[in-house]
Every structure is written in structure tokens, then in C-alpha cells.
Amino acid sequence: MSSTTDAPTETPRDDVRDAEIARVCAALGSSVVDSLVKPNDDMWIRVTADAWRSTAETLKSLGYTYFGFISAIDWLPSPYGRGEDDPTAPPVERSSVIKQGYAGGDTRFQVIARLVQPFTTLGINIKVDVDDSLMAVDSWSQVFAGANWHERETHEMFGIGFNGHPDLRNMYLPTDFEGFPLRKDFPLLARMVKPWPGIVDVEPLPGDDSEEEGDAS
Amino acid sequence: MSLLGDRQQLAYIAAQAADARVNVELETEGMTLNIGPQHPATHGTLRIIARLDGEQVLWADPSCGYMHRGYEKLTEVRSYPQVTALVNRIDWLGSFANEVPFILAAEKLMGVEAPSRAQHIRTILFELSRIANVTLFLGDLGVQLGAVTPVFFAFRDREYVLNLIEGATGGRFHPNFDRIGGLKDDLPAGFIDETRIVMKKLRGFCDQIEDLLFGNEIFQSRTRGIGVIPKDVALQYGLSGANLRASGVDWDLRRDQKLPLAYDKVDFKVITHPDGDSFARCWVRLQEVREATRIVDQLLDTIPAGPIMAKVPKIIKVPEGEAWVSTENPLGEMGYYVVSQGDMGPFRVKIRSASFNNISITPWLLKGVYVPDIITILASLYFILGDIDR
Numbered sequence: 001m002s003s004t005t006d007a008p009t010e011t012p013r014d015d016v017r018d019a020e021i022a023r024v025c026a027a028l029g030s031s032v033v034d035s036l037v038k039p040n041d042d043m044w045i046r047v048t049a050d051a052w053r054s055t056a057e058t059l060k061s062l063g064y065t066y067f068g069f070i071s072a073i074d075w076l077p078s079p080y081g082r083g084e085d086d087p088t089a090p091p092v093e094r095s096s097v098i099k100q101g102y103a104g105g106d107t108r109f110q111v112i113a114r115l116v117q118p119f120t121t122l123g124i125n126i127k128v129d130v131d132d133s134l135m136a137v138d139s140w141s142q143v144f145a146g147a148n149w150h151e152r153e154t155h156e157m158f159g160i161g162f163n164g165h166p167d168l169r170n171m172y173l174p175t176d177f178e179g180f181p182l183r184k185d186f187p188l189l190a191r192m193v194k195p196w197p198g199i200v201d202v203e204p205l206p207g208d209d210s211e212e213e214g215d216a217s
Numbered sequence: 218m219s220l221l222g223d224r225q226q227l228a229y230i231a232a233q234a235a236d237a238r239v240n241v242e243l244e245t246e247g248m249t250l251n252i253g254p255q256h257p258a259t260h261g262t263l264r265i266i267a268r269l270d271g272e273q274v275l276w277a278d279p280s281c282g283y284m285h286r287g288y289e290k291l292t293e294v295r296s297y298p299q300v301t302a303l304v305n306r307i308d309w310l311g312s313f314a315n316e317v318p319f320i321l322a323a324e325k326l327m328g329v330e331a332p333s334r335a336q337h338i339r340t341i342l343f344e345l346s347r348i349a350n351v352t353l354f355l356g357d358l359g360v361q362l363g364a365v366t367p368v369f370f371a372f373r374d375r376e377y378v379l380n381l382i383e384g385a386t387g388g389r390f391h392p393n394f395d396r397i398g399g400l401k402d403d404l405p406a407g408f409i410d411e412t413r414i415v416m417k418k419l420r421g422f423c424d425q426i427e428d429l430l431f432g433n434e435i436f437q438s439r440t441r442g443i444g445v446i447p448k449d450v451a452l453q454y455g456l457s458g459a460n461l462r463a464s465g466v467d468w469d470l471r472r473d474q475k476l477p478l479a480y481d482k483v484d485f486k487v488i489t490h491p492d493g494d495s496f497a498r499c500w501v502r503l504q505e506v507r508e509a510t511r512i513v514d515q516l517l518d519t520i521p522a523g524p525i526m527a528k529v530p531k532i533i534k535v536p537e538g539e540a541w542v543s544t545e546n547p548l549g550e551m552g553y554y555v556v557s558q559g560d561m562g563p564f565r566v567k568i569r570s571a572s573f574n575n576i577s578i579t580p581w582l583l584k585g586v587y588v589p590d591i592i593t594i595l596a597s598l599y600f601i602l603g604d605i606d607r
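Protein chains in written order, with this note's numbering: chain A, 1 to 217; chain B, 218 to 607.
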């Protein structure tokens with residue numbers, strides 16, 4: 001549990017993760033673009049696309065031998081919002097400004113992977129920008145055999161290629177499926193044809209007028 | 218239970234599987250065997266295409282997607298409280314356990330921590346869903362090897378656990394009970410006493426299964442030395458849960474990770490087995506049910522008083538950020554990578570389910586095995602289709 005909000009007076013420190021990220025960054029050298037440690041929570045690094053494969057090799061030699069997952073994030077805000085628009089009404093204008101997440105980023109798509117040191121259970125999230133014109137990064141499947149299926153899944157869901165992957169067949173979808181379902185500009189058709197009835201979920205309960213809007217933000 | 222005498226044989230079989238050495242001298246005409254999608258041994262709709270040389274598998278290719286429901290896309294159009302209803306259906310035998318890591322990730326982003334009573338009850342329900350899940354595995358295991366009796370015991374005894382879950386949450390299979398900041402309700406009256414009785418019954422069930430199945434000669438000869446996964450291979454495929462511990466990796470997220478759950482208040486053993494074969498995986502699971510009943514018993518003694526819900530706003534907006542939380546689910550490590558952009562719903566959720574990784578080893582593992590062993594190996598890897606396809 002992150003203690004950032006629990007104890008705002010003192011800056012939380014996490015010597016283990018700070019030392020670990022220093023070790024990782026030193027080993028990876030100039031290929032690290034950005035790094036972030038959230039105390040008592042997790043570590044993030046972002047590497048250059050050229051060094052994507054060698055990052056896996058280096059981290060594996062540093063003890064990150066447990067393969068967590070590989071996936072991607074499409075940072076474009078969905079043009080369809082949360083799919084709660086009335087399909088009969090005129091379309092709503094939405095901002096398409098990309099807000100990047102932890103450890104920054106310059107492109108719309110990012111591939112994210114997670115590796116863990118099995119005996120200290122320190123995990124690290126590794127991000128890499130995917131160039132919009134190339135739409136491909138190197139494959140990890142020669143370094144971590146488990147990456148094979150994860151890359152296949154990412155390929156069919158986001159349309160991101162993995163250079164050197166032995167077999168990028170579709171995992172779930174039919175071979176002739178067009179489009180990449182997890183991209184934000186891929187509409188969720190069920191929401192396009194019928195308004196979502198779940199909107200009523202946030203109606204205030206009868207007899208309860210304590211707080212209209214949350215104070216979490 | 219140790220099998221040190223069989224070590225050399227195990228090493229031989231592991232090497233054989235690793236380089237897919239098939240018998241070239243007795244080469245026969247190849248044949249492609251299609252198993253599934255509708256096959257009793259596939260727990261749903263997994264299809265396996267196997268190329269055979271005589272009785273040996275040259276290569277096997279699992280084909281998923283018959284149950285792909287697109288949860289990662291659907292979470293992007295749901296609000297945070299609505300997501301639990303979806304993720305319930307990922308591993309449908311241990312549904313409550315699917316909710317917990319997602320809720321913990323949302324709580325982590327919000328900086329909310331559930332009160333200790335809620336954490337405690339969460340842990341109890343988490344372990345109960347583990348028991349319900351793995352109990353069925355133990356019964357089903359027998360069926361896949363041709364022994365029909367254990368499955369009746371399993372269904373009978375799982376029912377007791379499901380009744381407990383239903384009593385506490387209202388849902389037998391899909392509780393949808395976990396909330397951001399706590400739980401929907403407190404435990405019902407009489408739950409503690411009833412649970413104690415059931416845990417005793419379940420320990421009796423474990424003894425029964427151990428006698429009936431694990432001591433059975435046919436069962437042993439069909440599982441020992443079959444489907445050996447060495448430690449380093451298990452790690453690089455991201456195997457988790459009992460599959461990993463059966464390969465001798467002493468790693469359990471319940472013990473090794475600090476999460477706002479009550480595992481630090483109980484004393485339990487992490488079960489490992491050095492062999493990495495099908496027998497080891499089944500044996501580890503059997504012991505884990507025993508251990509889970511002990512965890513529940515200890516937790517029942519120490520339920521703290523207090524509220525079951527922290528103060529959270531009625532309309533939940535999660536601040537910007539990214540969080541990863543994974544827990545030791547019945548099938549293995551189940552994690553959610555949640556990206557929030559300050560909205561009412563998540564921006565992106567990556568669901569890292571245990572079975573997807575666990576089953577991704579099958580093309581490697583099935584090389585060179587004999588056809589009947591495909592069923593044993595798949596049964597011992599233990600996957601739930603909803604957990605592979607999501």
C-alpha cells in the first residue's frame with residue numbers, strides 16, 4: 001500500500017527499491033530513458049526501443065528471472081468515451097490529448113512488461129515506446145519463453161509487431177478478423193447500438209443526500 | 218512422499234522433453250490428432266492439435282479463444298465498482314479470489330485501506346474460494362485418469378464450502394462481494410461455527426482423496442515422472458501457484474508479499490515438491506487445501522471487531538496513476554495492471570491471469586510425451602478456460 005496519501009508530512013523512503021533501481025539503471029546504462037520508484041510499491045523504467053531485447057537479457061542476468069507479462073497500452077483517449085453516449089444523439093467532441101503515465105512516453109502506443117526477482121519478489125515494470133510508423137519492437141520470446149503467447153496476444157489486440165517472434169498467429173480472434181480490438185479507436189459495438197443501462201448505477205440512493213460528488217480527486 | 222530414488226529417471230524424461238527427441242528408429246506415418254474444443258479433459262473449450270508419430274507427440278499446439286470475452290476491453294467502459302462483476306467470471310471456480318487483486322489495485326491508487334476486519338474476512342473468503350476451487354480439481358483429476366469415485370466426494374464436499382460462501386455473500390459462484398474500501402456486508406450469524414465444522418469435513422476429504430487417489434498404484438504410475446518441468450523453465454514461462462512450487466521454487470505471494478490482507482497474522486507452511494512432475498503438482502495442491510483449512514481456522518479465531526467499510530466517497534473516482542497488484546489465487550498468480558486517468562472507470566486494465574501463463578508451457582511440455590499423458594499433464598497443470606481466455 002502506497003503511503004503517499006497516508007502520511008503526507010514525511011516523504012516516504014524505500015531504500016531497497018532505490019538501491020535496486022540504481023543497480024538496474026547502472027547495468028542498462030544509456031538505454032534507460034526514465035525511471036520511477038514509488039516507495040513501498042513498485043518500480044518503473046522506460047527504455048529505448050533499440051535496447052528492448054537487450055534490456056530483457058540484462059535484467060534476466062540481474063536476477064529478474066520470473067516472467068510476469070507483456071502487454072501494451074494505447075494512450076489515446078477513447079473517441080467514444082466510456083460508451084455511454086446516446087446513439088441517436090449527435091456525436092460528442094472529445095479531447096484527443098495524450099496523457100502519459102509513469103516514466104513518461106512520447107508515442108501513442110507503449111509496450112509494457114513485468115519481470116520479477118523470484119526470491120526477493122521485487123518486480124519491475126518495463127516500458128518502451130512503439131514508433132507509430134514502425135509499429136513493432138523486438139521480440140522477447142528468445143529470452144523468456146513465456147513471452148511467446150503474450151506477444152501473440154498483444155499483436156492481435158493492438159497490432160504491434162514483434163521482430164523475431166517465431167509465429168505471430170492470432171490467439172483468440174479468427175484469422176480474418178479486421179481491426180485491433182484493444183485500440184482505443186476500435187468501437188465497442190454493443191455500446192454503439194444500444195445505450196448502456198448501467199448508467200443508472202450511480203444514481204443517489206433515496207433518502208441519502210450526504211455527498212453528491214466524491215472527494216477522492 | 219519424496220521420490221529421490223526416481224531422480225535419474227525424472228532427469229532423463231526432462232531432457233527428452235526438452236529437446237523433443239522422438240524415437241526416429243521406429244518412425245511411423247505421422248498423424249494429426251485433434252483434441253477438443255469439446256472434450257471432457259479440457260475443462261471447457263480448449264482445443265489441442267497434436268501431431269503424432271505413433272503414440273508419441275511430435276508437437277502440440279493449444280488453440281485458445283473459444284471463450285474469449287474481451288474483459289480487458291469491457292473494463293474500459295465500466296466504472297470501478299462494476300468491474301468486480303466482470304472479473305468474477307475469469308476463474309469461475311474461485312470467483313471471490315479474482316475480485317480481491319483488482320479491488321486492492323484500486324485501493325492502492327486511491328490511497329484507501331480497508332479496515333482490519335474487512336481485510337480479515339476478505340482473507341477468509343479468499344481461502345474458502347481456494348478450497349472450493351482446488352477441491353474440484355482433486356475430484357476432477359480422478360475422472361481424467363479413469364477413477365470416477367473421487368469426483369462425487371469432491372462435489373459433495375465442495376458444496377459445503379459453496380454454502381458458506383453463499384451464506385456470507387449471497388452468491389454461490391459469483392459473489393461480487395468485495396468493495397473498494399471494504400466489503401459489502403459483515404459475516405452472517407453462525408458463520409464461524411459453521412465454517413469450523415466444514416473445515417474439519419474438508420480435512421477429512423483430503424485424507425480420503427489421499428487414500429483413494431494418491432495412494433493408488435495406477436494413479437502413481439500415470440503421474441510420476443510425467444510432464445517434468447525444471448525450475449528455470451517454470452520461471453521463464455511465468456508459471457505460478459502450485460505448478461511453480463511443484464518444481465521446487467519456494468515462492469508464495471501470500472507469504473512473500475506485503476498486501477493489506479491478513480496472511481501475516483497466520484502461521485502456514487508453503488508446500489513445495491522437488492520433482493516437478495504431474496504427481497508433484499497434484500500433491501502440492503492437495504496439501505494446499507489442507508493448509509488453507511488451517512489458515513481459515515486460525516483466521517476464525519482472530520477476527521477483529523470494527524467496521525467493515527472504510528470511508529470512501531459514494532461516487533468513486535480514482536486518481537491518476539498506475540498500479541500492479543497480484544495475489545496468490547487458486548490457480549496461481551493473478552494480477553491486474555490498472556491504469557487510471559482520474560476517471561470513474563479504469564483507462565486500461567491488463568489482466569494477468571495464471572492459467573494463461575501456466576498453459577503457455579504446453580507446446581514445450583507435450584513434446585515427446587505419449588498420447589494418454591497429454592490428458593494427465595493437462596489435468597495436473599490445472600487451468601480454467603475462463604482464466605486463459607479472459
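Read the hints as simulated data drawn from the structure, not as lab findings. Hints are supplied without guarantee of correctness; some may be wrong.
Derived lysine-lysine pairs resembling DSSO-like cross-links, with alpha carbons at most 30 Å apart [claimed, not checked]: (1) A:Lys60 <-> B:Lys534; (2) B:Lys290 <-> A:Lys184; (3) B:Lys531 <-> A:Lys194; (4) B:Lys475 <-> A:Lys38.
Does the alpha-carbon distance linking Lys531 of chain B and Lys194 of chain A stay inside the 30 Å limit? Since the Cα atoms of Lys531 of chain B and Lys194 of chain A sit roughly 27 Å apart, the hinted pair holds (cutoff 30 Å).
Hint consistency between Lys475 of chain B and Lys38 of chain A [alpha-carbon to alpha-carbon, up to 30 Å]: Roughly 15 Å between the alpha carbons, so the hint for Lys475 of chain B and Lys38 of chain A holds.
Hint check: Lys60 of chain A vs Lys534 of chain B, CA-CA at most 30 Å. Holds or violated? Violated, because 37 Å separates the two Cα atoms, which is more than 30 Å.
Verify the proposed pairing of Lys290 of chain B with Lys184 of chain A, using a straight-line Cα cut of 30 Å. Holds, at roughly 9 Å.
In this structure, the one hint that does not hold is number 1.
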